[in-house]
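> Use these hints to put chain B onto chain A, whose structure you have.
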Amino acid sequence: MKRLLILSLVIVLTGCSAIGSRSSQSEAERAAQEAAAQEAARQEAARQEAARQEAARQEAARQEAARREEARKQEEARLAEERRVEEERIAEEQRRWEEMRKEEEARLEEQRRQAEARRQEELRQIEELRKQRMEDDDDPSLVGMVTEEQLRKANPLLLEQSIYFDFDRYQIKAEYAPIIAAHARFLIAHPTVKIFVEGNCDDRGSPEYNIALGQRRADVVQRALLALGVPKRQVEAVSYGAERPIAYGANEESWARNRRADIAYPMFKN
Amino acid sequence: MNRDIRSLIAVCALLLASLSGVARGQVSVEVVGGEGSRIPIAVLSFHGDEQVKEEQRIGQIIAADLMRSSALRVVEASGLGAGVDDKVDHEYFASMGTAMVVIGKVSRKDGAFVARYALVDVARQERVIEETMTEPPSSVRFLAHRIADRVHEQLTGYPGAYATRICYVSREGHKSEILIADADGYDRQVLYKTDSPIMSPQWSPDGTQLAYVSFERQRPRIYVHDITKGTRKVVSKFRGTNSAPAWSPDGKKLAVTLSKDGGSQIYVIDSSGGSERRLSDSRSRDTEPSFSPDGRHILFTSDRGGSPQIYRLAVDGSGRAERLTFDGRYNTSPKYAADGEWFAYVRMEDGRFSIAAQNIGDGEVRYLTSGQDDRSPAFSPNGKAILYATEVKGRGALAAISIDGSTRWGIATHAHDIRGVAWGPYESYRVEVAR
Chain A
683 MKRLLILSLV IVLTGCSAIG SRSSQSEAER AAQEAAAQEA ARQEAARQEA ARQEAARQEA
743 ARQEAARREE ARKQEEARLA EERRVEEERI AEEQRRWEEM RKEEEARLEE QRRQAEARRQ
803 EELRQIEELR KQRMEDDDDP SLVGMVTEEQ LRKANPLLLE QSIYFDFDRY QIKAEYAPII
863 AAHARFLIAH PTVKIFVEGN CDDRGSPEYN IALGQRRADV VQRALLALGV PKRQVEAVSY
923 GAERPIAYGA NEESWARNRR ADIAYPMFKN
Chain B
85 MNRDIRSLIA VCALLLASLS GVARGQVSVE VVGGEGSRIP IAVLSFHGDE QVKEEQRIGQ
145 IIAADLMRSS ALRVVEASGL GAGVDDKVDH EYFASMGTAM VVIGKVSRKD GAFVARYALV
205 DVARQERVIE ETMTEPPSSV RFLAHRIADR VHEQLTGYPG AYATRICYVS REGHKSEILI
265 ADADGYDRQV LYKTDSPIMS PQWSPDGTQL AYVSFERQRP RIYVHDITKG TRKVVSKFRG
325 TNSAPAWSPD GKKLAVTLSK DGGSQIYVID SSGGSERRLS DSRSRDTEPS FSPDGRHILF
385 TSDRGGSPQI YRLAVDGSGR AERLTFDGRY NTSPKYAADG EWFAYVRMED GRFSIAAQNI
445 GDGEVRYLTS GQDDRSPAFS PNGKAILYAT EVKGRGALAA ISIDGSTRWG IATHAHDIRG
505 VAWGPYESYR VEVAR
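In order, the protein sequence lines correspond to chains A and B.
This note's numbering puts the first residue of the first sequence at 683, with every later residue one more than the last.
This note's numbering puts the first residue of the second sequence at 85, with every later residue one more than the last.
These are calculated hints, taken from the structure and not from any lab test.
There could be a bad hint or two in this list.
What the hints assert, rightly or not - Pairs of lysine-lysine residues, derived as DSS-like cross-links and limited to a Cα-Cα distance of at most 25 Å, are as follows: (1) B:K321 - A:K813; (2) B:K317 - B:K344; (3) A:K951 - B:K259; (4) A:K813 - B:K344; (5) B:K277 - B:K259; (6) A:K914 - B:K259; (7) B:K336 - B:K317; (8) A:K813 - A:K914; (9) A:K951 - A:K813; (10) B:K317 - A:K813; (11) A:K914 - B:K344.
Next up, chain A with everything else stripped away, as it sits in the complex:
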């Protein structure tokens, strides 16, 4: 049945066309022209479509290129920034090093300057001592000066510089023998150092006679040093009597502290 239907349709259609072709020659031409036109239009559309597609493709490619360029530029800028930061860091580091170097240099320079100033000051003090020796009609080569540190290093006993006496007594007590020996050894080892032995006494009675009593104490200590081999030029015994007390009380304790002889080295002053 179905097959019958399709057959009839084809007959109809064929018949129709046969009718048309049969109807006229011009009609066919027109149709051909039309078809050609249609074909041209179709081709034109296809061409246009192709052109459009091409343009779109090109646009996409251009955009892609621009995007790549942009990315490249950004990367470049990032790298440049990184470089700049790195360079800055290096420069900063160099500056710091330079600063430290300069600080160190300045510190060394300051040390050198201070050492030089100290040396100059010591020379000045030595020169002052030399002048004083000359003014005292003394040997100007006796300009050795010491520091407490130097004495301590040489022998801690050298820091013991006071020898105390009993009332109305002028003998050196046995306990002071090692101290006096230490001073004698130091003086023998340092022949340009000259010391003063300063005698003192308590403040009872005549101030002038007390000078003589203080002298007696200084003389005793001087004699002990000379006996141990210290050259005479290195020791001078003087007396301050009761004029330079270290204790002011009117009692036995104060008097005892003032009955003494002090060994005085020429010390560098700070």
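Frame of chain A, contents of chain B only:
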């Protein structure tokens, strides 16, 4: 400033007065004897005194001076005044118990002070002195002191040493000051100030210089300080200690104690410095030389006999040292009096130091003071009084006592600790202290 000092002086004088009884201005006087032989004298207010400040009133200054004489007794007459030309009522003054009266008048002429005064003998109704004295305006006290000296000389045969100056060293901690003041303690002036000890000031015979020991260097040295110029010079700086200077009477030499040859020995040097000669030669401690007024002897302290005693030695080197003191185990600091007969010294007994005097000729000894710590005696230029350092309530003070022990007075000083005193010669008053 000056006013403060004055008021403090007044306070000190009051303190001293409360200790000793009688006071007059700067000086407090204590009379302990000799009343019977003293000449009674009244000093009336001078006409013109009422117009000036108290410390410039001539009558009062003269009375205060004469109170320090061991030969006079000042009769209280402070309320009385008279002009120099007024007639003295002899009966009235005789009834007051005075034998002599000083009257006067002070006026100003061309800025200067002019005093006309008279010393009237009450019994004989006679003007023993009648004269005029003139002084520049700064020296009104000097004018009064000169009148007192004249009156004293007229009555006793020797001037009173009122118009003179004294010198002393005041110490506080490490600071020393050399001060020069009038003999009554007024017009104190600082001659020299230092941060190191100074001791043993001694006045040159012409009054213009002081010798002293200074410890400004490690080695004690002797300086001569020109008072008028304010300059000073080292005159003794030998190795060791240089101490205890004493002027020769002609001012050309100084006897000094040196340790340069070991120990303490006495030498004579030029007072301008240099050229020394050894005087004492002992193995003992010899010091504290004092020249005799004729320059031929020195007295000094030596422990050659085992304890400090006073010896005498001829300066020309002839003869041996002669021991003069035998009483006690401590006799030091001899000072010749102007007459060369007496010497003052410090003696110690039971731990107390006091002033004594001894006659060289007959050996008579006078114990003059009874202090705990009296020292550094110095004679007045007339040889009749001894100035010395003492202690009052733990502070240094100055006092003086007549050689007969009858009259003692304190002198306000403001000193903390006194390290040596000197009494200048008569010439010392005219010397202008350099500023």
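> None of the hints should be skipped; say for each whether it holds.
Hint by hint, here is what the structure shows:
1. B:K321 - A:K813: 15 Å, holds
2. B:K317 - B:K344: 20 Å, holds
3. A:K951 - B:K259: 22 Å, holds
4. A:K813 - B:K344: Holds. K813 (chain A) to K344 (chain B) sits at ~21 Å (cutoff 25 Å).
5. B:K277 - B:K259: 7 Å, holds
6. A:K914 - B:K259: Measuring from Cα to Cα gives roughly 33 Å; hence the hint is violated.
7. B:K336 - B:K317: Measuring from Cα to Cα gives roughly 15 Å; hence the hint holds.
8. A:K813 - A:K914: Answer holds: K813 (chain A) to K914 (chain A) is near 20 Å, not above 25 Å.
9. A:K951 - A:K813: Holds, at about 17 Å.
10. B:K317 - A:K813: 18 Å, holds
11. A:K914 - B:K344: 12 Å, holds
Hint check: a violation occurs at hint 6 only; the rest are consistent with the structure.
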